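Number of protein chains: 2
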Amino acid sequence: MDEARFVKYLKEKFPFSYGGGIGDDASAVKMGDDYQLITKDLLIENVHFSLDYYTLEEVALKSIAVNLSDIAAMGGEAQYFYLGLGFPKLLGEEANITFFNALDKGCRQWQVELAGGDFSSAALLFISITMIGRARNPIYRHNAQTGDLIGITGATGESAIGLMLLKKGIRSGPLVEKHKTVVPGIKKGPILANYVNAMIDVSDGLLIDLKRVLTASAKGATIFYENIPVTDEIRETCALHQLDEREPVLAGGEDYVLLFTITPGKEKELRKENIDYYIIGEITSQPEDLIIKDKGKVIQPKAIGYDHFQC
Amino acid sequence: MDEARFVKYLKEKFPFSYGGGIGDDASAVKMGDDYQLITKDLLIENVHFSLDYYTLEEVALKSIAVNLSDIAAMGGEAQYFYLGLGFPKLLGEEANITFFNALDKGCRQWQVELAGGDFSSAALLFISITMIGRARNPIYRHNAQTGDLIGITGATGESAIGLMLLKKGIRSGPLVEKHKTVVPGIKKGPILANYVNAMIDVSDGLLIDLKRVLTASAKGATIFYENIPVTDEIRETCALHQLDEREPVLAGGEDYVLLFTITPGKEKELRKENIDYYIIGEITSQPEDLIIKDKGKVIQPKAIGYDHFQC
Numbered sequence: 001m002d003e004a005r006f007v008k009y010l011k012e013k014f015p016f017s018y019g020g021g022i023g024d025d026a027s028a029v030k031m032g033d034d035y036q037l038i039t040k041d042l043l044i045e046n047v048h049f050s051l052d053y054y055t056l057e058e059v060a061l062k063s064i065a066v067n068l069s070d071i072a073a074m075g076g077e078a079q080y081f082y083l084g085l086g087f088p089k090l091l092g093e094e095a096n097i098t099f100f101n102a103l104d105k106g107c108r109q110w111q112v113e114l115a116g117g118d119f120s121s122a123a124l125l126f127i128s129i130t131m132i133g134r135a136r137n138p139i140y141r142h143n144a145q146t147g148d149l150i151g152i153t154g155a156t157g158e159s160a161i162g163l164m165l166l167k168k169g170i171r172s173g174p175l176v177e178k179h180k181t182v183v184p185g186i187k188k189g190p191i192l193a194n195y196v197n198a199m200i201d202v203s204d205g206l207l208i209d210l211k212r213v214l215t216a217s218a219k220g221a222t223i224f225y226e227n228i229p230v231t232d233e234i235r236e237t238c239a240l241h242q243l244d245e246r247e248p249v250l251a252g253g254e255d256y257v258l259l260f261t262i263t264p265g266k267e268k269e270l271r272k273e274n275i276d277y278y279i280i281g282e283i284t285s286q287p288e289d290l291i292i293k294d295k296g297k298v299i300q301p302k303a304i305g306y307d308h309f310q311c
Numbered sequence: 312m313d314e315a316r317f318v319k320y321l322k323e324k325f326p327f328s329y330g331g332g333i334g335d336d337a338s339a340v341k342m343g344d345d346y347q348l349i350t351k352d353l354l355i356e357n358v359h360f361s362l363d364y365y366t367l368e369e370v371a372l373k374s375i376a377v378n379l380s381d382i383a384a385m386g387g388e389a390q391y392f393y394l395g396l397g398f399p400k401l402l403g404e405e406a407n408i409t410f411f412n413a414l415d416k417g418c419r420q421w422q423v424e425l426a427g428g429d430f431s432s433a434a435l436l437f438i439s440i441t442m443i444g445r446a447r448n449p450i451y452r453h454n455a456q457t458g459d460l461i462g463i464t465g466a467t468g469e470s471a472i473g474l475m476l477l478k479k480g481i482r483s484g485p486l487v488e489k490h491k492t493v494v495p496g497i498k499k500g501p502i503l504a505n506y507v508n509a510m511i512d513v514s515d516g517l518l519i520d521l522k523r524v525l526t527a528s529a530k531g532a533t534i535f536y537e538n539i540p541v542t543d544e545i546r547e548t549c550a551l552h553q554l555d556e557r558e559p560v561l562a563g564g565e566d567y568v569l570l571f572t573i574t575p576g577k578e579k580e581l582r583k584e585n586i587d588y589y590i591i592g593e594i595t596s597q598p599e600d601l602i603i604k605d606k607g608k609v610i611q612p613k614a615i616g617y618d619h620f621q622c
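Heads up: the protein sequence lines correspond to chains A and B, in order. The numbering of the first sequence is the working numbering, which starts it at 1 and goes up by one. The numbering of the second sequence is the working numbering, which starts it at 312 and goes up by one.
For reference, chain A alone in the conformation it holds in the complex (with noise of 0.2 Å):
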């Protein structure tokens, strides 16, 4: 079963009363006159991330970035979470400090809190957090409308090529870091949640998040490839290592943009907002018809790493 399939048999397997459930980035449920958003997202060492080449300060912080874009990308502001730890003994006693100081560094950061949590032995690093925040409007991923403009708020393909250098041994570098350090949208998430009709956070690949975008709304989509942003880097890097870079820009995870859809008449309005954002497509009527173009060629998805990008 494909993670689509899977996420499609919970959904109706556990249907939820509360509000918005499985299949979007937070659950949201009324509250007063917001929706708290609850997310939560696992890191799990050797599936996630390596000791040999993350510190434990970085995956601390990673732990929070990564959940606290998920927030983002439901329109959100983060509040405070929940933190399952299972850490083995054998990283010591110091180690269990460092990383409590790590996650410190990241509520103060990012202004969130941490309410509580298990803390246990394991025989491997796992990290799984719980992240509570609200939103008065949350922004799903149901909601992209016909004629939608579709938008990205920076470069996909970074962080792949980082984790790609990193398992070739190269442990520092611009692209490195972008792997390692997670930046979350979320000052420009709760400003998008006010003109865009559907928002997810490119964690798996700008392909296959826009898939699951056109998926709940039952939509398509034209891609116009030379609209996507392309870092000089990642240029640089994939020619030194005679990689097609529009397998990483396209199909690579862990860059944590935020991918919308939005009218034409409100990304006018968007402009005067201080976010930096590409548009890159458009959403076409015909359910999951996903169309990309390179300077009016098409390209067909499948040949340059739909599924998760292997380095």
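Worth flagging that the hints you see were computed from the coordinates, not collected in a lab. Everything numeric in this text was worked out from a predicted model, so none of it was measured. Mixed in with the good hints, there may be bad ones.
Unchecked claim - Going by beta-carbon spacing under 7 Å, a handful of chain B positions derived as facing chain A:
(1) 325
(2) 353
(3) 391
(4) 397
(5) 431
Backbone N, C-alpha and C define an ideal beta-carbon position, used for all residues, glycine too.
Start from chain A and add chain B according to the hints.
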């Protein structure tokens, strides 16, 4: 650092401005007329359970039940939860479906809903559930009063002996079932909340969990061992294995009964409710002065396994 010091360190490092945070069975944040309760309990393979003697269904149900117990201990009602699941690929897709079927069974049995989560492959099985509930008047650990009676809703020690039997290769029987099948006090908790001053669920052992109440409340206690319920199964099994029954009864974990303190006047009122409980001691004024008497004779807790009961 032991757990008490670690919790103190975390409470000081991570103050929680929204309500009651670290240091209780659940956090409590005022939302409208009620308090929202949130708790998180981990179950980790080879730490909290072994697949040698747990079925996946038993693990799934226990992972919900231990979190329900925390909500009950705050006097609240559970509503929905978020699942962080690390699932070894080796177990296979059928096992995954078995797990989610059991989760569904638990949802129906206990009237809670799955609201979201994150699922990943992992080298070992772990379940990190964040349970959401609510209470009109949450019951904390810090409000035990001098002169309060100490009550408990059931026997302790059964689960620890069950675990000992499992480790000896005995795979069935009433105590083994007690260890594997947690019955959370979800009916009793909200009723007790109308009468008691402080409450906790006995997850780590009667003395340790009582000590948490005493520390939080800056009180002492006298326990009358002869008033603690000890089942025939415990007596017989301890006799058979030449164990001092007081060790599992006072220090064995995972019975998930509720321990509470209550004024003598309120205790008289509580008798009208249809709830089984036992009065096993009383709260005294001297902070953390815990005295255990067995028919008048003082027992030294340290000599009978004060820390986690080890089989």
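Status of the hints after comparison with the structure:
1. 325: Residue 325 of chain B check passes; min Cβ-Cβ to chain A is 4 Å, inside 7 Å.
2. 353: Given a least distance of 5 Å, the restraint on residue 353 of chain B holds.
3. 391: holds, 6 Å
4. 397: holds, 6 Å
5. 431: holds, 5 Å
Going through the hint list in order, the structure satisfies each hint without exception.
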